[in-house]
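Undergrad: Sequence:
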Amino acid sequence: MFRRNMARIINTPIILPSMSYILDELRDAVLLVFANKQDLPNAMNAAEITDKLGLHSLRQRHWYIQSTCATSGEGLYEGLDWLSNNIANKA
Numbered sequence: 001m002f003r004r005n006m007a008r009i010i011n012t013p014i015i016l017p018s019m020s021y022i023l024d025e026l027r028d029a030v031l032l033v034f035a036n037k038q039d040l041p042n043a044m045n046a047a048e049i050t051d052k053l054g055l056h057s058l059r060q061r062h063w064y065i066q067s068t069c070a071t072s073g074e075g076l077y078e079g080l081d082w083l084s085n086n087i088a089n090k091a
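Under the UniProt record's numbering, think of the first position of the sequence shown as 1, with each following residue one higher.
Any given hint might turn out to be false.
Computed spacing ranges between beta-carbons, pair by pair [claimed, not checked]:
| id | residue 1 | residue 2 | range |
| --- | --- | --- | --- |
| 1 | Tyr-21 | His-62 | 16 to 22 angstroms |
| 2 | Pro-41 | Lys-90 | 33 to 39 angstroms |
| 3 | Leu-58 | Leu-80 | 16 to 22 angstroms |
Simulated from the structure, these hints should not be mistaken for lab results.
Glycine is no exception: its CB is placed at the ideal position from the N, C-alpha and C atoms.
From just these sequences and the hints, can you work out the full model?
TA: Structural data, given as structure tokens:
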């Protein structure tokens, strides 16, 4: 069910153009994507999320996908650590 809902959200035409505009406005910002629900059997992996969000087209942006499970906390600190390090490097 989660995968179906995520596919619906990603494929909704209203969301992708809006995301493109937002990403253009924030072109100098680093981007962290939390890939939540990784404990579920049908969760998208990082490669699928990268493809669906078109992250390879963000040539001038430093981005990272962190696999997470919010209920156990797995991956949350690692993602925030990556974000903290990359924000510090930009300053």
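Undergrad: Look at each hint and say if it fits the structure.
TA: Hint-by-hint comparison with the structure:
1. Range check, Tyr-21 to His-62: Cβ separation about 20 angstroms, and the 16 to 22 angstroms hint holds.
2. Between Pro-41 and Lys-90 the C-beta distance comes to about 37 angstroms, which sits within the given range of 33 to 39 angstroms.
3. Separation of Leu-58 from Leu-80 is about 21 angstroms and conforms to the stated range, judged on CB atoms against 16 to 22 angstroms.
Comparing the model with each numbered hint stated earlier shows that all of them hold.
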